[in-house]
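Residue numbers (the numbering used here), protein chains in the order written: chain A, 1 to 600; chain B, 1 to 600.
To be clear, the hints were calculated from the coordinates, so they are not data collected in a lab. Here the structure is a predicted model, which means the values were calculated and not measured. It is possible that some hints are incorrect.
[Unchecked claim] PhoX-like cross-link-like pairs, simulated, lysine-lysine; straight-line CA separation at most 25 Å: (1) A/K499 <-> B/K150; (2) B/K218 <-> A/K218; (3) B/K244 <-> A/K299; (4) A/K244 <-> B/K444; (5) B/K306 <-> B/K499; (6) A/K495 <-> B/K499.
Number of protein chains: 2
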Amino acid sequence: MAEIEKKSDGILQTMTVRVIEPEKPLELESGKKLAPVDVAYETYGKLNEAGDNVILICHALSGDAHAASINSPDDSKPGWWDAMVGPGKGIDTDKYFVICSNFLGGCSGTTGPSSINPASGKPYGLEFPIITIADMVKVQKLLLDKLSIKGLLAVIGGSIGGMQVLQWSVAYPDFVKAAIPIATTTYLGAQSIAFDAVGRNAILADSNFADGQYTEGKGPDGGLAIARMIGHITYLSEQGMREKFGRELRNSHNYSYDFNSEFAVETYLDHQGQSFVERFDANSYLYITKAADYFDMGKDYGSLKKAFANTSCRFLAISFTSDWLFTPAQSRTIVDALVANNKDVSFCDISSPYGHDAFLLEPDTLGSFISGFLDAAHRPEANKKSSKTIIHGSSPELDIEQATRIRIDYEEIESLIEPNSTVLDIGCGDGQLLAHLTTEKNIKGMGIELDQDLVRACVNRGLPIIQHDVEQGLENYTDKSYDYVILSQTVQTIKNPEKVFTELLRVGRKVIVSFPNFAHWRCRVQLLFQGKSPVTRQLPFDWCDSPNIHCLSLKDFDRFCRKLSVKVEKRIPLNKTAFSPIRFAPNLFAEQVIYVTSKK
Amino acid sequence: MAEIEKKSDGILQTMTVRVIEPEKPLELESGKKLAPVDVAYETYGKLNEAGDNVILICHALSGDAHAASINSPDDSKPGWWDAMVGPGKGIDTDKYFVICSNFLGGCSGTTGPSSINPASGKPYGLEFPIITIADMVKVQKLLLDKLSIKGLLAVIGGSIGGMQVLQWSVAYPDFVKAAIPIATTTYLGAQSIAFDAVGRNAILADSNFADGQYTEGKGPDGGLAIARMIGHITYLSEQGMREKFGRELRNSHNYSYDFNSEFAVETYLDHQGQSFVERFDANSYLYITKAADYFDMGKDYGSLKKAFANTSCRFLAISFTSDWLFTPAQSRTIVDALVANNKDVSFCDISSPYGHDAFLLEPDTLGSFISGFLDAAHRPEANKKSSKTIIHGSSPELDIEQATRIRIDYEEIESLIEPNSTVLDIGCGDGQLLAHLTTEKNIKGMGIELDQDLVRACVNRGLPIIQHDVEQGLENYTDKSYDYVILSQTVQTIKNPEKVFTELLRVGRKVIVSFPNFAHWRCRVQLLFQGKSPVTRQLPFDWCDSPNIHCLSLKDFDRFCRKLSVKVEKRIPLNKTAFSPIRFAPNLFAEQVIYVTSKK
């Protein structure tokens, strides 16, 4: 353990440790055996006394153990995730002890196809066995054992690193407290496999490939560069490329009328291809992309739901809106499978123009999610109460009247919830209600919210929160999986209330709905005598800029419930100031109303 | 002209004609000269006596002159667009005389890099001059001159073929009556240039390329296959690939743990690469993709708007929703530039999962647009009245009451329009009102509509119609470009009426708006006495499934006009049956209302 202390001068050496000795080979998923296995790794920060602050970072295709800091005084480039890992950064090395290792099959210190094959005395080349993501994770576990790490606070990674994160959560469920899979998937789709295959084809077709037994300086550089160029196109978004390069020409306003690279995007790709060739091994490229293509958790476990059945960590899944290689939809598939298992999962599709590369290029936004989630995972009790209140709606600024309205609504709803129950809050805002219910009534809560900032607020409170538009349905929530589903002040803004309400009644034993009453006497008077669309305290918007797309009264909702054969268990008409329900002519005097409903 | 008759047995030979003699070289856009130039072409159908039924088809990257029919009795594959071109098909050879030629730089009969360079007696290879889309079109024009064609009814093409169509419209404005650019763009973006560049790199890096002087059977097959594979990924959509291949393995349920192609998508790409190598020339691939990269109408003419300024044909631009290579947004850019020039343009973004290949794979839908547009272009008067009435809204079925309501609305609006004026109808449905105004009042009309079927109905009527969501604004419509803008029965369904209405007032001298009156006495009574959200003849929807997202009355709209400083020139309150306006207490008795407004 002596070597895993933070260096005082900020300069780190990548270390290497043997995790598999020649005489006791590693059994691979393919059935083949491999020995010896060495692992290159770096560490940042300090292991605390409890040993509960360890974070493992898993790198992507072209990464290595050198995640942060510099390796020597003249190292011009810090580690590949230096923007995220360090003192006070998203992954705070003042708090956490961070480990990153080069994965199996890599070419930066860990055993891979460029390592010497003991059987031949030459580099393995294509004699290296096909490895999988599971094999990589197995080797990472051996490294942690070697370092006497007893458990991980979190395992974090993007892209192929995210695949490793997912694999960790299912392969070593008791070892991992939190998992942060970023811009990743449980399996590649046909398009991604196709891009990988063309890249491999370019390498394999290169006349210098020599069946993988090329020598230093005479490798399949052309093929590898082409593979890298294809990769780079897929890492950026169309928008990102358009904004960065457009149709700009490198040296002139006029075309050169030859086949030299002249568009800026061409010279960029040339450069990316060339610099990759200088630092990466073509055989490793083949093995790693193959491992990515093979990764398929659903196939391994029978279904994706089954794959996640035994996980016990909490999850924070992150995708990026413009990522078309590891798409938001693929991250949602992960989240859906976890939800179907009733796991503790949060999800945000971070808005970014940077495509797949956003996991490297959005350190501030990404870091703000990661740091809050890690803090909550590390010290669960500290977080829940501390967060600033934002409440429902995307604007953090509320006037006092609105805030009062929501408070009355919340207090009333809170009184309806049984202790120790499970609660799903649709449009949960910053999680105020859920957090309060968690503290006061010991409920197990989950929030659904659309706004990115509000989702982050919930993450910071340590609440499971999923960024989702409830209009899309709740397909992956099992029947009666929550005691209560809450829909507070939202039904009048939903496009298809019938579809959504039916879904809520399927998922919850009871559905609690609150909304402003359109038949309040003030509304009636305005329409009757003034002949205009009502504008009141509860309906404070002019007709042309109202978020409310439906007008409904208690009577309308009663009829709606009859139509859907819904049992109205309670109907609590409220007005602005009264903290007690209104008994007389509620459809006339209630400004808002709370319904408790259930399926007949 | 003898040879351009349809063959009786349905079998066609590709013909070749010399359009540039050795002594009189073709001047290319690059400034270089080229001679001789031969062109391979095919024709289908018969030239009519007036000579006004000629259609030119421009092919894409890998196409050739053989667009339809078969070339010999044992020809196993008909021409590349046989699904579209033939008797009774989208491009009906019973009506039209269709010509398709292999473009300059191709490898299927027309002069290209594999032709013999008279200077050396060997194939040109890289000695062939860089050619452009404009050069290709120039050669097509020479062919038509040779065939004594005096003008084109239409020029049609997809992808790079669409680029030629656009070039035709600007280079020979008087020669072309109608242009149908499909799934194309006026310039490639950075991402498409990048894909092309990587493909070219793969060819150039192939050790068999030999600076372009490879010999038959010993060419850069590996590189060309990789270029084609990359191309194929971009021709399909992610969804299309997912549905066609998914993660299916070719021969087994289990992984082979080697680098052979095993996923179905891999073997598909292998096959596409291989079969392309057998029929295509690598040098042609270089020249054609370079021509596509260079195409940039905005650059050539100073701006895209200027590029289209002198066109005189009518346009039908088509894109496909899932096409990410030549995107719908790029087609919209073409349409915007034409709109900014006040040109006769129609546009539809056809819903399809097939990606860029949809222009080959959606012959029925695409054909239904093309055939209607061609008919209207060929015989303008015949079309306008014949079409079946569909009216507003996506459902063709309307009850009588609704139809009456719309008729009253329409008759009233019609009476407000001055003869010979220009009219933009927002949400124009099947174009009934516009067609009527065109016939009765000789207006020049343009429609905007979202629904694909209604857009097609308008195309069939010969009306300029643009598929567009007015909520996105009307940025490219110049100020006061229409005498009237009509917004009939739509304002209550618009999310942001203020933004939209402001745009309409900018674009039109007068804006005519009609909507149902929410303050009609029936509504007031229902809310007052029954305490429910009104359901009336004019507002026939229950609160939970209404397309109307705003409730507004005459009074609300009056206030709205005051707020936006809009002048209300006329206010015509109507009820269901009265064909004359209501004079007494209109906000109480009008079921609907028509406003004529203008900017103060």
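We went through each hint and held it up to the structure:
1. The suggested pairing of A/K499 with B/K150 is violated, with an alpha-carbon distance near 60 Å, which exceeds 25 Å.
2. For the suggested pair B/K218 and A/K218, the alpha carbons sit about 23 Å apart, so the restraint of at most 25 Å is met.
3. Taking the CA atoms of B/K244 and A/K299, the gap is near 19 Å; set against the 25 Å cutoff, the hint holds.
4. Pair hint A/K244 plus B/K444 does not hold up; C-alpha atoms about 42 Å apart against a cutoff of 25 Å.
5. Of the pairs offered as hints, the one joining B/K306 and B/K499 is violated, with about 28 Å between alpha carbons and a cut-off of 25 Å exceeded.
6. Among the hinted pairs, A/K495 with B/K499 is consistent with the structure: their alpha-carbon atoms are about 21 Å apart, no more than 25 Å.
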